[in-house]
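Undergrad: Listed below, chain by chain, are the residues.
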Amino acid sequence: EAGVAQSPRYKIIEKRQSVAFWCNPISGHATLYWYQQILGQGPKLLIQFQNNGVVDDSQLPKDRFSAERLKGVDSTLKIQPAKLEDSAVYLCASSLTRANTEAFFGQGTRLTVV
Amino acid sequence: AQTVTQSQPEMSVQEAETVTLSCTYDTSENNYYLFWYKQPPSRQMILVIRQEAYKQQNATENRFSVNFQKAAKSFSLKISDSQLGDTAMYFCAFLTSGNQFYFGTGTSLTVIP
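Protein chains in written order, with our numbering: chain W, 1 to 114; chain E, 1 to 113.
Since the hints were made in silico from the structure, they are not lab data.
Wrong hints could be hidden among the right ones.
DEER-style ranges, computed between Cβ atoms [said to hold, decoys possible]:
#1 E:Q8 x W:S66: 31 to 41 angstroms
#2 W:Y10 x E:E61: 26 to 36 angstroms
#3 W:S66 x E:N62: 40 to 50 angstroms
#4 W:T112 x E:S80: 33 to 43 angstroms
#5 W:K62 x E:N62: 14 to 24 angstroms
#6 E:E10 x W:P61: 23 to 33 angstroms
#7 E:Q56 x W:D63: 42 to 52 angstroms
#8 W:L84 x E:Q56: 42 to 52 angstroms
#9 E:E15 x W:K71: 17 to 27 angstroms
#10 W:T101 x E:S80: 23 to 33 angstroms
Below 30 angstroms or equal to it, Euclidean Cα-Cα: the simulated DSSO-like pairs (lysine-lysine) are [as the list claims (entries may be wrong)]:
#11 W:K44 x W:K83
#12 W:K11 x W:K62
#13 E:K55 x E:K73
#14 W:K78 x W:K11
#15 E:K55 x E:K78
#16 E:K78 x W:K44
#17 W:K44 x E:K55
#18 W:K62 x W:K44
#19 E:K70 x W:K44
#20 W:K44 x E:K73
#21 W:K62 x W:K78
#22 W:K11 x W:K83
One-sided and incomplete, this derived list gives chain W residues near chain E with beta-carbon spacing under 8 angstroms [stated by the list, open to error]:
#23 T31
#24 Y33
#25 Q41
#26 G42
#27 L45
#28 Q48
#29 G53
#30 D56
#31 V89
#32 L91
#33 S95
#34 E102
#35 A103
#36 F105
#37 Q107
#38 G108
Keep in mind it's a predicted model, so treat the numbers as computed, not measured.
Virtual Cβ for every residue (Gly too), placed ideally from N, Cα, C.
Make the full structure from the sequences, and use the hints.
TA: Okay, structure coming up:
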């Protein structure tokens with residue numbers, strides 16, 4: 001079974017530029033998460049999708065971050081414009097619909113904003 | 001609101017020894033799930049062990065076991081016979097009935113040869 005795929009693995013951009021991250025969850029997983037993990041901290045949930053609908057985006061900085069999950073499969077997370085404090089690892093995870101299953105994580109994208 | 005607290009930022013253990021990582025959480029829910037995830041330098045989070053809150057029996061996976069104290073809202077991880085490959089960040093996580101994961105701040109474990 002293929003795992004959660006994320007790309008790119010690394011990205012360096014200047015502040016005020018835009019950037020997009022892509023995630024392909026495990027086939028059949030209805031729930032998809034995007035997390036932001038700042039160095040030395042635990043993952044913080046940015047947004048959670050159930051199929052192509054948003055379940056929770058309460059911690060997503062909506063003035064600069066956006067995410068979509070067209071057709072309930074792949075997802076894209078965008079930052080525009082980026083700030084220095086956005087430097088972090090962005091993790092994508094997916095899980096089955098049932099509320100008792102683990103989340104499977106991708107390897108993440110390390111973003112550096114200079 | 002759910003919170004997960006890991007009070008040990010860093011720990012070390014001699015190879016083959018036993019170490020316990022602590023985790024406490026706060027929730028008003030009665031049915032939930034708890035997890036320990038391992039994050040090696042490769043960054044990929046890997047599930048170590050899970051515990052259903054309605055089960056009184058502590059979960060065990062080979063060298064990994066938990067001490068789940070529901071009333072105290074405590075969920076510690078014990079690693080027996082520590083191996084060099086156990087060196088990683090360990091995150092305690094809480095899963096709500098709405099499928100939302102909350103993570104602690106992590107414990108960096110170093111296994112010393």
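Undergrad: Taking the hints in turn, state whether each one holds.
TA: Tested hints:
1. For the pair Q8 of chain E and S66 of chain W, the beta carbons lie near 37 angstroms from each other, so the given range of 31 to 41 angstroms is met.
2. Between Y10 of chain W and E61 of chain E the beta carbon distance is about 32 angstroms. The supplied range of 26 to 36 angstroms therefore holds.
3. For S66 of chain W and N62 of chain E, the hinted distance range of 40 to 50 angstroms is satisfied, since their beta carbons lie about 42 angstroms from each other.
4. Remark: the range hint 33 to 43 angstroms for T112 of chain W to S80 of chain E is upheld by a beta-carbon distance near 39 angstroms.
5. In this structure the supplied range 14 to 24 angstroms is violated for K62 of chain W paired with N62 of chain E, their Cβ-Cβ distance being about 43 angstroms.
6. One distance hint, 23 to 33 angstroms for the beta-carbon pair E10 of chain E and P61 of chain W, holds here, with the actual separation near 30 angstroms.
7. Judged by the Cβ atoms, the range 42 to 52 angstroms given for Q56 of chain E and D63 of chain W holds: they are separated by roughly 47 angstroms.
8. A hinted range of 42 to 52 angstroms for the beta carbons of L84 of chain W and Q56 of chain E is consistent with their spacing of about 48 angstroms.
9. Separation of E15 of chain E from K71 of chain W is about 48 angstroms and departs from the stated range, judged on CB atoms against 17 to 27 angstroms.
10. Distance hint for T101 of chain W and S80 of chain E: a CB-CB separation of about 26 angstroms, consistent with the stated range 23 to 33 angstroms.
11. Between K44 of chain W and K83 of chain W the alpha-carbon distance is near 17 angstroms, which keeps this suggested pair within the 30 angstroms criterion.
12. Note on K11 of chain W and K62 of chain W: the hinted pairing holds, with a Cα-Cα distance of about 21 angstroms set against a maximum of 30 angstroms.
13. The suggested pairing of K55 of chain E with K73 of chain E holds, with an alpha-carbon distance near 14 angstroms, which does not exceed 30 angstroms.
14. Taking the CA atoms of K78 of chain W and K11 of chain W, the gap is near 13 angstroms; set against the 30 angstroms cutoff, the hint holds.
15. Distance check on the hinted pair: K55 of chain E and K78 of chain E sit about 18 angstroms apart at the alpha-carbon level, within 30 angstroms; holds.
16. Between K78 of chain E and K44 of chain W the alpha-carbon distance is near 25 angstroms, which keeps this suggested pair within the 30 angstroms criterion.
17. Between the alpha carbons of K44 of chain W and K55 of chain E the distance comes to roughly 27 angstroms, so the proposed pair stays at or under 30 angstroms and holds.
18. Under the criterion of a C-alpha separation no larger than 30 angstroms, the hint pairing K62 of chain W with K44 of chain W is consistent with the structure, at around 15 angstroms.
19. Restraint check: the Cα-Cα separation between K70 of chain E and K44 of chain W comes to about 24 angstroms, which is no more than 30 angstroms; the hinted pair holds.
20. For the suggested pair K44 of chain W and K73 of chain E, the alpha carbons sit about 21 angstroms apart, so the restraint of at most 30 angstroms is met.
21. At roughly 10 angstroms between alpha-carbon atoms, K62 of chain W and K78 of chain W fall within 30 angstroms of each other, so this suggested pair holds.
22. Among the hinted pairs, K11 of chain W with K83 of chain W is consistent with the structure: their alpha-carbon atoms are about 14 angstroms apart, no more than 30 angstroms.
23. With a least beta-carbon distance of about 6 angstroms to chain E, the hint placing T31 of chain W at the interface is held under the 8 angstroms criterion.
24. Taking 8 angstroms as the C-beta cut-off, the interface hint given for Y33 of chain W holds, the closest approach to chain E being about 7 angstroms.
25. This hint holds: Q41 of chain W has a C-beta 6 angstroms from the nearest C-beta of chain E, less than the 8 angstroms allowed.
26. Nearest Cβ of chain E to the Cβ of G42 of chain W: about 4 angstroms, under the 8 angstroms cut. The hint holds.
27. For L45 of chain W, the suggested interface contact is upheld, since its CB lies about 7 angstroms from the closest CB of chain E, less than 8 angstroms.
28. Evaluation of the Q48 of chain W hint against chain E yields a held restraint, the C-beta minimum of about 6 angstroms falling below 8 angstroms.
29. Annotation: interface hint on G53 of chain W violated; nearest CB of chain E at approximately 13 angstroms, more than 8 angstroms.
30. This hint holds: D56 of chain W has a C-beta 6 angstroms from the nearest C-beta of chain E, less than the 8 angstroms allowed.
31. At a threshold of 8 angstroms, the smallest CB-CB gap from V89 of chain W to chain E is about 6 angstroms, leaving the interface hint in force.
32. With its C-beta approaching chain E no nearer than about 7 angstroms, L91 of chain W sits inside the 8 angstroms limit, and its interface hint holds.
33. Here the hint on S95 of chain W is kept, as its CB sits about 7 angstroms from the closest CB of chain E, short of 8 angstroms.
34. Because the beta carbon of E102 of chain W sits about 5 angstroms from the nearest beta carbon in chain E, less than 8 angstroms, this interface hint is met.
35. Contact between A103 of chain W and chain E, as hinted, is supported at the beta carbon level, the nearest pair being about 6 angstroms apart and thus within 8 angstroms.
36. A hinted interface residue such as F105 of chain W counts as satisfied when its beta carbon comes closer than 8 angstroms to some beta carbon of chain E; here the least separation is about 4 angstroms, so the hint holds.
37. Checking Q107 of chain W against chain E by beta carbon gives a least distance of about 5 angstroms; that is within 8 angstroms, so the hint holds.
38. Checking G108 of chain W against chain E: minimum C-beta separation of about 5 angstroms stays under 8 angstroms; hint holds.
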